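K.L.:
Sequence:
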Amino acid sequence: MACTVLAFVVGLVISVISKSSATLGYALENAVDSFSSALVLWRFWGGGATVPESILQLREKRASVGIALAFVALALVVGGTAIAHLSKEEELSHHAELIALSLPSVFIFTLLGLLKLHIGRATDSPSMRKDGACSLCGGVLSLGVCIGASASLSDSSLFWIDASVAVAVSAGLLLYGLFILNKNAQQNNRWWSVGFWMHGPSRNGSSSPQRAEFSPSLEEFSPTIAGEREARLPPQAV
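Read in the UniProt record's numbering, the sequence shown has 196 at position 196, and its numbers run on one by one without any break.
Calculated from the structure, these hints are not laboratory results.
Hints may be right or wrong, so weigh each one.
[What the hints assert, rightly or not] Beta-carbon label-pair distances, calculated as ranges:
#	residue 1	residue 2	range
1	Ser-157	Gly-200	29 to 35 Å
2	Thr-123	Ala-96	37 to 43 Å
3	Ala-100	Gly-172	50 to 56 Å
4	Ser-93	Ala-185	39 to 45 Å
5	Ile-83	Thr-50	44 to 50 Å
Just so it is clear, the structure is predicted and the values come from calculations on it, not from any experiment.
Each residue gets a CB set at the ideal place from its N, CA and C atoms; glycine is no exception.
My request is simple: use the sequences and hints to build the entire structure.
P.N.:
Right, here's the structure in full:
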């Protein structure tokens, strides 16, 4: 998580001075990556000891939805910025800084994403797999920054490569995030409601709030039947 926070800060500074949409996406993706990693850590916190499995499963649902919402927000911000850069035909600058940041990040975040995907499959955790997908997007954006900066360094008219990569990755994140949200809605996980985030798990495993069950006996509704049953009992010895 410390690595992604550092990458967010450095990437944000370089994206501002270089006018690189893909680097902005790289920076914000690392912010989302840190957020998703924190959600996954919270999802597994206390597992197998003091936290019941039903609580862990509800955390899993909430973590998955939280990551999906972050994907949608990231896609809208980065995609909108990249489209604005394309429309203004803004050329890149500070190519050396862009390449120095992106080249090692290609390998770091690709390996990190693959490791998270492996752990997600081993633990059967959808939220961990989504966290891995987020890290892989960081690797793809890093590759886009590296290619775009190298191409723009040799020919300034190729500035559009950087922003085009950002638009493509943003579109993929948007579709993936909306797919996850729609899937949860079909599974009756009402992620848009307060109850999904605030209430505990119900007995049937859903995220709807628990309600006390009242099952009165027949005697409570029919005193006559209760009296007849008492009359049939043998008298107790004195």
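K.L.:
Next, verify each hint and record whether it holds.
P.N.:
Comparing the hints with the structure gives:
Between Ser-157 and Gly-200 the beta carbon distance is about 58 Å. The supplied range of 29 to 35 Å is therefore violated. At about 41 Å, the beta-carbon gap between Thr-123 and Ala-96 stays in the expected band of 37 to 43 Å. Taking the beta carbon of each, Ala-100 and Gly-172 are about 26 Å apart, not inside 50 to 56 Å as hinted. At roughly 44 Å, the beta carbons of Ser-93 and Ala-185 sit within the given window of 39 to 45 Å.
At about 48 Å, the CB distance of Ile-83 to Thr-50 agrees with the hint of 44 to 50 Å.
The structure is inconsistent with the numbered hints 1 and 3, although it conforms to all the rest.
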